[in-house]
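Based on the provided sequences and hints, a complete structural model is requested.
There are 4 protein chains.
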Amino acid sequence: MKFKVFSELQYEVRMPTTFIFNIQVSPTSSQTILEESLITDPVIPREEFTAAAGEARFIKVQVNDPANFKITYQATVDLHYNIFEQRQLLDTVPVIKLDAETIPYLFPSRYCQSDKLQKLATKEFGNIENAYAKVAAINEWIFNNVEYLGGVTDSSTSAHDTLTERVGVCRDFAHLGITLCRALSIPARYFTGYAYNLNPPDFHACFEAYIGGEWIFFDPTKLVPANGLVKIAVGRDAADAAVASIFGNARCMSMNIKCESIDPEFKPYYIKNSEYQKGLSYQ
Amino acid sequence: MKFKVFSELQYEVRMPTTFIFNIQVSPTSSQTILEESLITDPVIPREEFTAAAGEARFIKVQVNDPANFKITYQATVDLHYNIFEQRQLLDTVPVIKLDAETIPYLFPSRYCQSDKLQKLATKEFGNIENAYAKVAAINEWIFNNVEYLGGVTDSSTSAHDTLTERVGVCRDFAHLGITLCRALSIPARYFTGYAYNLNPPDFHACFEAYIGGEWIFFDPTKLVPANGLVKIAVGRDAADAAVASIFGNARCMSMNIKCESIDPEFKPYYIKNSEYQKGLSYQ
Amino acid sequence: MKFKVFSELQYEVRMPTTFIFNIQVSPTSSQTILEESLITDPVIPREEFTAAAGEARFIKVQVNDPANFKITYQATVDLHYNIFEQRQLLDTVPVIKLDAETIPYLFPSRYCQSDKLQKLATKEFGNIENAYAKVAAINEWIFNNVEYLGGVTDSSTSAHDTLTERVGVCRDFAHLGITLCRALSIPARYFTGYAYNLNPPDFHACFEAYIGGEWIFFDPTKLVPANGLVKIAVGRDAADAAVASIFGNARCMSMNIKCESIDPEFKPYYIKNSEYQKGLSYQ
Amino acid sequence: MKFKVFSELQYEVRMPTTFIFNIQVSPTSSQTILEESLITDPVIPREEFTAAAGEARFIKVQVNDPANFKITYQATVDLHYNIFEQRQLLDTVPVIKLDAETIPYLFPSRYCQSDKLQKLATKEFGNIENAYAKVAAINEWIFNNVEYLGGVTDSSTSAHDTLTERVGVCRDFAHLGITLCRALSIPARYFTGYAYNLNPPDFHACFEAYIGGEWIFFDPTKLVPANGLVKIAVGRDAADAAVASIFGNARCMSMNIKCESIDPEFKPYYIKNSEYQKGLSYQ
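Protein chains in written order, with the numbering used here: chain A, 1 to 283; chain B, 1 to 283; chain C, 1 to 283; chain D, 1 to 283.
Heads up, a few of these hints could be off.
Any copy will do: because identical chains look the same in the list, a pair fits if it lies in one copy or spans two.
Claimed, not checked - For lysine-lysine, the following DSSO-like pairs were computed, each having C-alpha atoms within a straight-line distance of at most 30 Å:
| hint | residue 1 | residue 2 |
| --- | --- | --- |
| 1 | Lys70 | Lys272 |
| 2 | Lys272 | Lys119 |
| 3 | Lys97 | Lys123 |
| 4 | Lys119 | Lys70 |
| 5 | Lys4 | Lys123 |
| 6 | Lys70 | Lys97 |
The set of hints was computed from the structure by calculation and includes no laboratory data.
These figures come from a predicted structure and were not determined experimentally.
What follows is the structure in structure tokens.
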């Protein structure tokens, strides 16, 4: 399935500022980048690098003079995620079998204080029979118990806050899902990407849990079809995968995001209840 | 300078439990492992792996039956850290020049909520002239303003707590140092190791800040000589470099740690005031 | 029903220290003080005062010289609380009908951040039909979801912490109950007293909710019989009703608490499930 | 000195809602209410009550039907606060001498977690010679270290947050001042009122500390002249003295506040540095 994605971010830069952007599509085995372009206005030198863990493509640019600065990215991507029957995913991979790349996703991180929620997670979800069912129950619980509402939370809001205040946006939903998984010793990571039919258009955040040896996709917001996500990055949480990190002084003036299917046969697939679903992997 | 380090950890295991230990000396360019041994009692299979970032050596073991479990490590290490004149360290490396391995140490992490402390750090330390002087001032500030006291904080205590409650142990001191550096856009990371003459003997935690292109060592506790640290690991914070992560149910019964100089010419060097020091790097 | 209560607190005083004690039985319409005595050793001047709201009897003493200091209180109390059928308690008293003494118990306080938990409380308990059933459900929820465990929480632990960490002692249980009630606009207050058959013996903390015009008693720990509580004080939370507030430097060396029935016909009555109970009021 | 104060609050009420307003001038020995009026539109029954502690005048009204609701208050007040030389205020009143009305202002409250800040307050301000100088130093410290900025904090922001995030509005400044005083065993309370020349016009929040037997006024924002405050209420913190507490569902559409001098000889007096000032009391 082919998608066209687009993002345009405009900033008013007030003093010399370094930006680290994370808006490019990630070349994973699930998605092939057919073409892409990235333009800055004004045109200035930029450097691309990948994170240590390899999943995210960052761009560094420095704007030296007070000015308006615009970065525009577009790509065409061919998406071919994997689908698993639940019976393939029944096993929690025991910690002793996890490899070095996966183990860090067991540990707490800035926005995911899983160390604080072990009793809660065990009480609420610990007795559920298998790993897939546990994470599916976490996903449903978040959907049912946290109100999706913009403008209440901000970039310092963490899962600990969301658990008590029960309100937030996709980022907060994802952080809470990750935290509850890790508190049950299930590796989980943040997933940021372009999402088909997100309204209003924006970047989207979801999460992946490591089940049966696969990174299975979950979206507790249920805002978008599960088969329309184009991955930008994964990370421990939003601290690893911020769309833009700004060192200096710049103000975002506008963000314009698009994600369109260019495949006439694309049928958006909305997950009603993740407990009864096959597993999707965007790995 | 040669050091002998030793650690022995005993656990009462109550149900099948996986341990991830992080107690072995790290083979860096500053330290050569002359010999080492690691024994578990009972003898059970173990697996060693290094973290994605490469600095830490983890051991995974699984204890399947309720039992007492003991892990014992000893090593002889030749230490040859680097010393820098402050004039070599005057420059903050601008964010635009940081490489992919260093950039993650700019971002907030579980115990280091640098995103919340930017105004405070800028107000207190922002006007200090160069990066070395900034971090040295942070180090002195923590030493002067936080009381070293055991038993008050625990494994969920973060820099945000320490900043207000003004009490903690080496781990808390290190987290606060890291957080204030990152809030000033200076990369900083957690350093855990064996320390000569730490009293009572224990693992020690300090931090490194990236100044003038080098990872310079700071210890806001001032408890041990700066030239007697044997590195186990670096990481974003204690979540990356816990001595032992336990998945299951086990209780630590005893810890026995030693770090001895076996070099008759070793002269312990205590830093009185880091503002007037040369920089040390254990990198 | 007659009870004898006793408390003896010993302190090592290191510098001139003022104590405010709150250990005397409160003379309410539910309990008659038949006799009581309070002794300090050494004998020093003391002053008794009642809080603005009138429910607590505080004692102020100042120990000027480093010394051991002991305060001993004993009383015999005749207890005659009220029992209400649930049908008498069906009505939530609307805020517009609350009087000036009751309204402050609607507002958040130090350990009861009810302003943060409104969405959670409404989601979990908002649809329950009447005020008694709501508070009974809150009480059962705390009993079922929070682990009673000493030594994990301390005097700065609040309901916000307990809600996520799911562990604590009677004080933490009470604070969480109060907070969830207030978040539903049901006035609730902290109740501290002597408790029959508490094991190990200690002061006890519970809460009262204002239902049907009465202050109804709830104890989410279910540790003691509901008919064996001798009230010391009520307040917004433990900040209003601390057993001892210490200004200076003193260390508690021992606490010895007793609460005995001296009525041969006393039958301890344990509430199994507060949903199916009559309401008790110690007002 | 005579002042005219005015406030008009408009709400869109969506379901039956009870309001508790706290906008009327408090009749203290420092201010005489020459005339006042309070009107609601629509005209509905209202009830006035004073808080247990007696300082605040609350109005309860219930709006039963979805509607716009407006409350308008105006008063003319004659202000005659007291002025004290610092030498009259040198003594900290020892806790043992505090009376029952004052003691509650020593304890932590919802937005003022003084129990958590004792080490910090003692370190920063504990060695300053007398109570007036201590509180003046706290006031200067807040003014110098916290940025006044609207829209960042909200009604759940507490002194603990402000201390680390170093940003807020008058309410946050007052809470931090109160907290630091209490952490030094100096009683302190929240003061809300109308303020001459506040820009943009709004209700104002400051604090009072109990020094030398007087409640001395401090305003760490330094936004308004110290001789132009008309008191509405005092309380432990904003939880006791909210302008409007809303039980139901209503949205504030507009607030219009005024505070004008009607005395041609009034000379606004701005405190530059509270360390060198006489003490003002609005008690």
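To see whether the hints hold, each was checked on the structure:
1. Taking the shortest Cα distances, Lys70 and Lys272 never come within 30 Å of each other, neither inside one copy (38 Å) nor across copies (44 Å).
2. Taking identical chains as interchangeable, the C-alpha atoms of Lys272 and Lys119 lie at most 30 Å apart whether they share a chain (28 Å) or sit on different chains (23 Å).
3. With identical chains, the CA atoms of Lys97 and Lys123 are at most 30 Å apart within one copy only, with a shortest distance of 25 Å there and 39 Å across copies.
4. Taking identical chains as interchangeable, the C-alpha atoms of Lys119 and Lys70 lie at most 30 Å apart only when they sit on different chains, with a minimum of 27 Å there against 46 Å within one chain.
5. Neither within a single protomer nor between protomers do Lys4 and Lys123 lie at most 30 Å apart by alpha-carbon distance, with minima of 43 Å and 39 Å respectively.
6. Taking identical chains as interchangeable, the C-alpha atoms of Lys70 and Lys97 lie at most 30 Å apart only when they sit on different chains, with a minimum of 21 Å there against 46 Å within one chain.
The structure does not agree with the numbered hints 1, 5 stated previously, though it agrees with the rest.
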